[in-house]
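Colleague: Residues per chain, in single letters:
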Amino acid sequence: MEKKIATRDAYGKALVALGQSNEKIVVLDADLAKSTKTIDFAKAIPERFFDIGIAEQNMIGIAAGLAASGKIPFASSFAMFATGRAFEQIRNSVAYPKLNVKIAATHAGITVGEDGGSHQTVEDIGIMRSVPNMTIVVPADAVETEKAVKAIAAYEGPVYLRLGRPAVPVLYDESYTFQLGKASFLQQGQDVTIIATGIMVSKALEAAKLLAEEGIQAEVINMSTIKPLDEEAILQSVKKTGRVVTAEEHSIIGGLGSAVAELVTEHFPVPVRRVGIKDVFGESGTPGQLLEKFNLTPQAIVEAVKKIMEQK
Amino acid sequence: MEKEILKELEDQARQIRRDIITMVGEAGSGHPGGSLSAADIVTALYFYLMRNDPANPKHPDRDRFVLSKGHAAPVLYAALAQRGYFPKEEIHTLRKLGSQLQGHPDMQKVPGVEMSTGSLGQGLSAAVGMALAGKLDKKKYQVYTLLGDGEIQEGMVWEAAMAAAHFKLDNLTAFLDYNGFQIDGPVSDIMNPEPVADKWKAFGWHVVEIDGHNMEEIIAAVKIAKSTFGKPTMIVAKTVKGKGVSFMENQVGWHGVAPKPDEMERALAELS
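Chain order of the listed sequences is A and B.
Going letter by letter, the first sequence gives residues 164 to 475 in my numbering.
Going letter by letter, the second sequence gives residues 43 to 314 in my numbering.
The following block holds chain A by itself, in its conformation from the complex (with noise of 0.2 Å):
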């Protein structure tokens, strides 16, 4: 049986390790510390925990000055509301400054499933990339969680770390080795690239098995790090293959796909396929059905392949 576990349960463990480690960790929340699982650390480490209340922009605030006076502060909220309604204390008060504030999101894209379009961001990934001296990181899996989290508090400067809500395939071992704005080599292959993102990295590789049974044989890149982007990686492997494939459980505005077509584009044009979310807000509905209805998909993936293998 496939291991499965959410990304937000490995921040939540990962926060109370790096907490016991290093004393200027502190950790804040917007009254969301159990769906976030900074609860973990504010059990842990009462002392350093501080939740905020039902005020996201005054988190962020807080954030900055424990920033600016030595602290490490991680804030955390839902997705949708640290990066929309934060969006210019973020912009403002951590980013301009160059503070070290790690916003620390879950909740990210239409898996968050019944609680409906209001609460599920497509558009985050987008929002945090057009802002300057913003690193954004989106893990794939729990693993790759745990090694983010130490990796962006050695970092000094703000990062968007996005994390999900339902349990994910476990794809890494514990050998990883997570290296900030460096991409992951899931799989070699000749034929097409396929650059995934977050949940959609397990997608892809389910994509890339169903196309070697048709005999295409795809390359599977986790871009973990969407900014600032592993640009030499991606030039790397379209220069062998001819052909790009994206898939992120966001906007296919503003997110890994624009990033890396906008790459390309200027650097080594080839054919460019986005899969994500198009142009729409979500719905409720259970994650899986979600996942279906707004072709989120490995079929999905494989139809973008097939699609870009017929356009050259």
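No lab work stands behind these hints, which were simulated from the structure alone.
Where is the CB? At the ideal position from N, CA and C, for every residue including glycine.
There may be inaccurate statements among the hints.
Rough simulated footprint, nothing fancy, chain B against chain A, three-plus residues with beta-carbon under 8 Å [as the list claims (entries may be wrong)]:
{"id": "1", "region": "229–238"}
{"id": "2", "region": "258–266"}
{"id": "3", "region": "314–322"}
Below 30 Å or equal to it, Euclidean Cα-Cα: the simulated BS3-like pairs (lysine-lysine) are [stated by the list, open to error]:
{"id": "4", "chain 1": "B", "residue 1": "LYS181", "chain 2": "A", "residue 2": "LYS313"}
{"id": "5", "chain 1": "B", "residue 1": "LYS243", "chain 2": "A", "residue 2": "LYS187"}
{"id": "6", "chain 1": "A", "residue 1": "LYS176", "chain 2": "B", "residue 2": "LYS177"}
{"id": "7", "chain 1": "B", "residue 1": "LYS210", "chain 2": "A", "residue 2": "LYS206"}
{"id": "8", "chain 1": "B", "residue 1": "LYS210", "chain 2": "A", "residue 2": "LYS261"}
{"id": "9", "chain 1": "A", "residue 1": "LYS176", "chain 2": "B", "residue 2": "LYS180"}
{"id": "10", "chain 1": "A", "residue 1": "LYS187", "chain 2": "B", "residue 2": "LYS130"}
{"id": "11", "chain 1": "B", "residue 1": "LYS177", "chain 2": "A", "residue 2": "LYS261"}
{"id": "12", "chain 1": "B", "residue 1": "LYS180", "chain 2": "A", "residue 2": "LYS197"}
{"id": "13", "chain 1": "A", "residue 1": "LYS187", "chain 2": "B", "residue 2": "LYS180"}
{"id": "14", "chain 1": "A", "residue 1": "LYS261", "chain 2": "B", "residue 2": "LYS302"}
{"id": "15", "chain 1": "A", "residue 1": "LYS313", "chain 2": "B", "residue 2": "LYS180"}
{"id": "16", "chain 1": "A", "residue 1": "LYS197", "chain 2": "A", "residue 2": "LYS187"}
{"id": "17", "chain 1": "B", "residue 1": "LYS100", "chain 2": "A", "residue 2": "LYS197"}
{"id": "18", "chain 1": "B", "residue 1": "LYS151", "chain 2": "A", "residue 2": "LYS390"}
{"id": "19", "chain 1": "A", "residue 1": "LYS261", "chain 2": "B", "residue 2": "LYS243"}
On the provided structure of chain A, position chain B as indicated by the hints.
Modeller: Structure of chain B alone, referenced to chain A:
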């Protein structure tokens, strides 16, 4: 308080007002009205009340000041320059390309600027974060911040107000530069914040009301704040927009307009 010290501070405030006029006039843009109204408070902080060392601007035990109403940057720059955080001649570069003196304070560029501000309503939250860090680290430093009376129309200010009282931040003192005007007109006409003192009291703050141009009252209020335990203090400082320049006083038009050369000359003559 000794008469001599008082006179020194008043002279210093006058010099800071002169620098504000020079800076904004030479820049050709900026916010003289709200910089002049805050000049006495900022002078008292930087030249009497705060523990700070221009030679060591990042000293962990320093008192902090966050200019939440960041558009009053000229008053902060004038104080920092006068205090020796950067060479005085740099005040002539305000708002010019390549200058560290941006239109609104940038902590990445200017030594002594504790927080980048300018987008209203955000400074108090940062000050709350600094005060929390001080408590965590068991440091004795004080955190001061200055808000505009128009600025407190921002909802985030009240989120921060609630948090400061909740966390019992008695190491945090805020000033309200209550000059009565915002860009579009009198604060009471645009969106009346009254009863101001009662609002802060209701949010759990200790409130002191003073004349924000009376040096002795400013200093006495901060002493009260420092001896208040278990809650933050808001010093509601009644001020005059454009204070010190007769033709700017209480004139909303001088919120964000620079004096022309002849106006600069007249203003500087009045402040000599």
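Colleague: Hints the structure violates: just list their numbers, smallest first.
Modeller: 3, 5, 10, 14, 17 and 19
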